[in-house]
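Protein chains in written order, with this note's numbering: chain A, 1 to 407; chain B, 1 to 407.
Because the hints were derived from the structure by calculation, they are not lab data.
A hint or two may mislead.
To be verified - Restricting the straight-line Cα-Cα distance to at most 30 Å, the calculated cross-link-like pairs of lysine-lysine (DSS-like) are:
#1 B:K42 to A:K294
#2 B:K3 to A:K42
#3 A:K246 to B:K42
#4 A:K3 to B:K324
#5 A:K294 to B:K3
#6 B:K294 to A:K42
#7 A:K42 to B:K248
#8 A:K248 to B:K42
#9 A:K198 to A:K13
#10 B:K162 to A:K290
#11 A:K246 to B:K3
#12 A:K215 to A:K175
#13 A:K162 to A:K215
#14 B:K248 to B:K290
#15 A:K279 to B:K246
As a plain string of letters, each chain reads:
There are 2 protein chains.
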Amino acid sequence: MNKVAIIGVGHTKFGRLQDKGLMDLLCEASLEAIENSNTSNKDFDSVYVGAMSPEIFNQTSGIASALVDRISLIPAAADHIKNGPASGGSAVKAGFQAIASGISDLVLVVGGEKMTHITTPGYVTSNVATLTHPEAERPHGVSLPSFAGLLTRAYLEKYDAKLDWISDIALKNHKNGTMNPNAHFQRTIESFMESAIKKGKGNWDNVYDFLKDDKSNPIIADPLRLFHICPISDGAAALVLCNAEKAKDFCDTPINISGIGQATDTHIVFEREDLTTLKALRLCSAQAYKMANKTPEDINVAELHDAFEILEAVQSEDIGFFKKGEGAKAAHDGLTEIGGKIPINPSGGLKARGHPLGATGIAQVVELVWQLRGEAGKRQVDGAETGITCNFGGFGNNIISILVERM
Amino acid sequence: MNKVAIIGVGHTKFGRLQDKGLMDLLCEASLEAIENSNTSNKDFDSVYVGAMSPEIFNQTSGIASALVDRISLIPAAADHIKNGPASGGSAVKAGFQAIASGISDLVLVVGGEKMTHITTPGYVTSNVATLTHPEAERPHGVSLPSFAGLLTRAYLEKYDAKLDWISDIALKNHKNGTMNPNAHFQRTIESFMESAIKKGKGNWDNVYDFLKDDKSNPIIADPLRLFHICPISDGAAALVLCNAEKAKDFCDTPINISGIGQATDTHIVFEREDLTTLKALRLCSAQAYKMANKTPEDINVAELHDAFEILEAVQSEDIGFFKKGEGAKAAHDGLTEIGGKIPINPSGGLKARGHPLGATGIAQVVELVWQLRGEAGKRQVDGAETGITCNFGGFGNNIISILVERM
C-alpha cells in the first residue's frame, strides 16, 4: 500500500456567507489548498468532492465535474462522495484509497455545503432527517436533534452526570473558536451573556444560569438547548494528497495519513445494544489505530464531531481517551482544553467553527494539519505530533476516523 | 497494487417497475450478487452505492448506510458515489480502489435508480440537465437530448453519414434486447411497426420509413427521434469484488478488472475542439488499455453508453474500434452485431436494456461478466475473453472505461 501524505490545506471562513454560492466556496478552498501545496503547475489525477445535499440545498448536480472544469483540473477524474454529514471524511478516504492503490499520485479532496440562504423554517433539519431509518424512524418524525436529546437524557441518568458538564463542552469550544479566524462564532458564550445583560434582557449570576434561561437559551430537544447544538453554516475545506514518497518535493512539513477507518451501525437507534455507546466509532477508530500502529495514549490532539455537545463527551470515550461515563466529567475538569490531557476541538469544533455538512470531515483534518505543522496560532497545542478525527454520518450509523502524524 | 476480481453479479429486471422502490431494487441486485458469489456468510469490508439523484427522484438520503442496514452488512463501510449517469462506473472504480489499496478484501458495488413513478412531464430530463454547465449552458435551457441532436447533425455533415445508419444502431440494440430477459424492451422495432400497422396507424414499406414517420417516431431533438433515444427505466445491478488472490475460494470463473480509467472534459460543449470527438473517452480508455496491457484489437465485446444512438457510433471510434467517421457505417454494415467484428451492446444497450442512471455502469460490467463466463444465453458472443465498457457522466464530460478479462 502506498503511503499517503497531506501536502496542502485550504479552508474558507465558515458562517453565514451570503455573497458566495456552493461552487464559489469549493473553488476558494481548493485553490487555497493547491497554492498551499505548491502544485499549481501540476497535473492532478483525481478529485473527490464531499457534499451532503447540493441537489436539495442548491438545486445542482454534477458538482465534481463542474469543479474540475471551473478550476482547470481537466482531465482529472472527478467524483462526488456522499455520506451525510460525514461526506467530507468519506471523500478523504476515497482520495486516500486512490493514492494507496497506486491509481493516482496527486489528488484534491474538497468538501463544502451552502445552506444559510434557505429561509423555509425546518427545511435543512428535515432534509438532514432523511438520514434516519426510512421505516423505523422517519415516518414518526424523528430528527437528529431528537436523538441527541434522548442520548443526553440516557447519558446523564446512566452515569450520574450533569447537564452543566455538557454546557462546559460548549463553553470550551466557543472559547477555542475565539482563536480561530475561520470560525463561524469567534466569541465566547460569556460574551453572548454580557450582550444580553447590556440589552436589558436579563441578569444572571453566572453563565450556567444564562444557559438555563428559556428565553436566552431555548430548549431544542429536551434537555438540549440552543447552545448545546452546532449552527447551520456555509463553508468549504480542502486537502491536497500525494504519494508520500513524492511529498517532500512539494512541501517541507508533509503530514501522513497513517490510519483511516470507517464502520457502520444500524440507524434504528432503539435497537442498539446501548444508546450511550457508539459501536461504529469503536470499530472505525480501532481500524485507524491498528493501521497506524498507535493507541489512544499516543494522540496529542483530536477533532471530534460535536454536532450536539453530548456527542463530544461520548465520542471522547469510544475513541479511547476516557472510560465510559467519564467523558463529560473530563471536559468539566478541563482535561480536553488546549493545554489539558487531550485537547479536543481546538478549532472550536462544530459548535463554534460551524458545521457546513460536507466540509466538516475535511476541516477537521485541516485543523490537525495546522496543529501538527505548528501553524495553529493562539490555539496551538504544544508539541502536537499525532492527531485523530471522528466524523459522523447520520446519528452514529456511519463513522469515519482519520489518524494523522508528522512524517 | 492488489489485483481485483469480480466473483458475483446481480441484475434486476430493468423497466417500469411500479411495485418496487429504490431500496427494494438495490437490495434485490445486492442479494443476488452476494448469492452468486457464495459470500453470504462472509464479512464485507466496504459497500459502494452508485445512484444519480435519489434525493430528487426518491426524497431520500443516506442510501448506502440504509442499504447495509437492510441487508445486514453492518459494520461494513458504506458510501454513496455520484457521477451523474456514470455513478455506477464511479462506484465500480471506488470498489476497485478499496481492494487495490489493500484497505478492503471483499466489496459490494451496487447501483440503481427509480424514476418511472415520476409523472410530472420533463421532471427527470430537467433534473438530468442540472449536469450541464451552470453558467454557459443551463440558463439557456439546454438539455442532454439537445446536445445529442447537435452532435448527430455535426457527425452526419462532417462524415457524410446517414441518419438511417444511426437508426441501424437502434435496430440492432432492440434485436439484442429480445435475447436479454432483464431488458426494458424485449422486442424489435420491427415488431413496434407491425403493431402499429395492425392498429391501423399507418402502413410502411420498411422500418426506415416507419422511423421517419412523425407520428410513430416523433422528433425529440432534431434530427433525433424517439427511437434514437434510450427510455427512462427503473432497475439496479450489483457486483461482488474481491482481492484476486482469494477469488478462486469463492468462484470457479472469476473475472479480472484488469484496466480502469476515468477522465473529464469541459461541459461547455461549444468550447470543445471538436464536437464529434470524445476527448475524455480517448483518455480514459487509453488508461484502461495501458493498465491491462491491451489494445482495442484485443477486445471481443463492448458495452457502450448509447443514451442516444449517435453516442454508440462516436464512442466506437474514440474507444479505438473504428477510425473517426466510420463508426455509424460500421454499425450499418453489421460489424457491431453479435457475430460481427466487434459486438457492441449485446445486452441491448441503454436503448433496449434500459437506463436506470446509477445502475447502467454496473449493468454494463455485469453483461461483460456473463459474456466472459459464457452465461449470456442466446446473445452469447462466441469465445469472448476480454471486454470493455464506456459509461458517461453528463454529456461526455466525465467518462469511465472498465476493461475486464477472464483470469
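The hints, checked one at a time:
A C-alpha spacing of about 28 Å is found between B:K42 and A:K294, which places the hinted pair at or below 30 Å, so the restraint holds. The suggested pairing of B:K3 with A:K42 holds, with an alpha-carbon distance near 28 Å, which does not exceed 30 Å. Only pairs whose Cα atoms come within 30 Å are accepted, and A:K246 paired with B:K42 is rejected, the gap being roughly 38 Å. Annotation: proposed proximity of A:K3 to B:K324 is violated, straight-line Cα distance about 42 Å (limit 30 Å).
About 29 Å separates the Cα atoms of A:K294 and B:K3, which keeps this hinted pair within 30 Å; it holds. A threshold of 30 Å between alpha carbons decides the hint, and for B:K294 with A:K42 the separation of about 28 Å falls inside it, so the pair holds. The suggested pairing of A:K42 with B:K248 is violated, with an alpha-carbon distance near 41 Å, which exceeds 30 Å. A distance of roughly 41 Å separates the Cα atoms of A:K248 and B:K42; the hinted pair therefore is violated under the 30 Å criterion.
Annotation: proposed proximity of A:K198 to A:K13 holds, straight-line Cα distance about 28 Å (limit 30 Å). Among the hinted pairs, B:K162 with A:K290 is inconsistent with the structure: their alpha-carbon atoms are about 62 Å apart, more than 30 Å. Between A:K246 and B:K3 the alpha-carbon distance is near 24 Å, which keeps this suggested pair within the 30 Å criterion. Under the criterion of a C-alpha separation no larger than 30 Å, the hint pairing A:K215 with A:K175 is consistent with the structure, at around 22 Å.
Taking the CA atoms of A:K162 and A:K215, the gap is about 21 Å. The hint holds against a cut of 30 Å. For a cut-off of 30 Å, the pair hint linking B:K248 to B:K290 stands: about 26 Å separates their Cα positions. Simply put, A:K279 and B:K246 have alpha-carbon atoms about 29 Å apart, close enough for the 30 Å limit, and the pair holds.
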